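> All chains should be modelled from the sequences, with the hints used to inform the complete structure.
427 is the number that this note's numbering gives the last residue of the sequence shown; the numbers go up by one with no jumps.
Check before you lean on any hint, since a few could be wrong.
As the list claims (entries may be wrong) - Derived CB-CB ranges, DEER-like:
hint, residue 1, residue 2, range
1, L295, P227, 19 to 29 Å
2, G84, L187, 44 to 54 Å
3, G84, Q191, 55 to 65 Å
4, G257, A160, 21 to 31 Å
5, T177, R290, 49 to 59 Å
6, P108, S197, 40 to 50 Å
7, D57, T177, 14 to 24 Å
8, L295, P108, 46 to 56 Å
9, A334, L236, 40 to 50 Å
10, S313, A94, 44 to 54 Å
11, L187, A42, 44 to 54 Å
12, A367, K188, 54 to 64 Å
Since the hints were derived computationally from the structure, they do not count as laboratory data. Every value quoted in this text rests on a predicted model; they were computed, and no experiment measured them. Idealized CB from N, CA, C, for every residue including glycine.
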Amino acid sequence: MLGSAAVNPRRLPAVLMGLYLLFLAYGSFFPFHFRYDPNALARFLAHPVPQRLSMPDVAANVLLGVAFGALMVWGRWTGRSLPGGLLRVIVLDALLAATVEAGQLYVPGRLASAADVVAQTLGSLAGFLVARALLVGAPDAAGSGLARGLRRRPALVLLAVLVAALTANALYPYVPTFDVSSVWHNLKAGQWRPFASLAHAFWPDLLVEKVLAYAALGVLARLVLEPCPPGPAAVLAWGGATALAAGLEGAKILIVGRSPNVDTVGLAALGALGGATLGPVLGRWRPVRRHGAVLLVALAAGFLVYEELTPWSFVGSLGAARARLPRIEWIPFASYYGADFQSALFDFGKKLVMGGALGAAMRHAWARAPLWTVPVLGALLEALQVLQPARIASTTDVLVLWAGALAGAHLVARVGSPPRATPGGKP
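Structure (structure tokens):
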């Protein structure tokens, strides 16, 4: 597990590179049904690039390349020379991508394409250049400087993560459109009359995902603005959170299948107002000051439980529960196979963030964070999902939640947040 000891700066990128290669192999060859076809290579050479490229596939391969290039720089496997490092990254990633595409020639249902090799190689080039610009000459020094900045303003990181999560949730499925008819359709489909959508909404979801989420945003904004006078800081925090909600709702007219809802802005403004004004008051309350770190763990765990079990509908008989047992997804990431890129990315990112929040809160609260409880909690929640008609129990969620918890705990340990206590011990 992640303890309080310093993290070896060379070990982490090596571990991440190993996980990256495992993920690449798993995602490229699943379900691992190989079949030799003597004519596969000839068909590929006759048509190395599909007539119509899939933009989600191109984007996915570019992102894979970006991760490879950045990890190569972080692990110091590119050398000091810019041309030499650039050549090394391009050659290695091109060989890696070509090997994957060659293997996919013999996996039924997979389509090998030279365009995937080009896209991944270009992504690795971009990842290399960006990572080198950020970490040029001194990745450890850059990491130490970042850690010092985060120690001074940790709320800024939490604020950025929350803003990113709210943005990702609002703009799903990430398909922009500038077609006039599509934009006009989204505009007409918008809910512009206040309170009209609330009568048919599921109120617990609105409370958790709108009011409480923006209340947390207001609290974090107040912490970031702590050097400012209380009055202006509260106004800025509330105004910024409300402006973010309004901007995200307005941006939905440019997203396929989405439309603005004025009630979302109203609920967000209400939550942000409570967070910006009542947050500091609650923070001065003695029980909160004394047990604040443990309360953060409880909030993160509660949010995870809610999101995994909402809308809280369960089957009404033992026979119905037994009928759902064969639907359990035992093979990790099986549901991502064949799913569209946007939905898989959204589900993966959501689980990763929720697990990361819980792991970070636990590592902040305790010196020896009991991170083993995260997969246990995840397994219990997945077991309950067997009883939910709207859910599919999956081992994938348990693994992603655990990976997120490990990453969140590592980030807190790397930053150097002082642990408060051991579990069950005195704060």
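> Now tell me, hint by hint, if it's right for this structure.
Each hint, compared with the structure:
no.	hint	verdict
1	L295 to P227: 19 to 29 Å	25 Å, holds
2	G84 to L187: 44 to 54 Å	53 Å, holds
3	G84 to Q191: 55 to 65 Å	57 Å, holds
4	G257 to A160: 21 to 31 Å	27 Å, holds
5	T177 to R290: 49 to 59 Å	51 Å, holds
6	P108 to S197: 40 to 50 Å	46 Å, holds
7	D57 to T177: 14 to 24 Å	19 Å, holds
8	L295 to P108: 46 to 56 Å	52 Å, holds
9	A334 to L236: 40 to 50 Å	47 Å, holds
10	S313 to A94: 44 to 54 Å	50 Å, holds
11	L187 to A42: 44 to 54 Å	51 Å, holds
12	A367 to K188: 54 to 64 Å	56 Å, holds
In summary, this structure violates none of the numbered hints.
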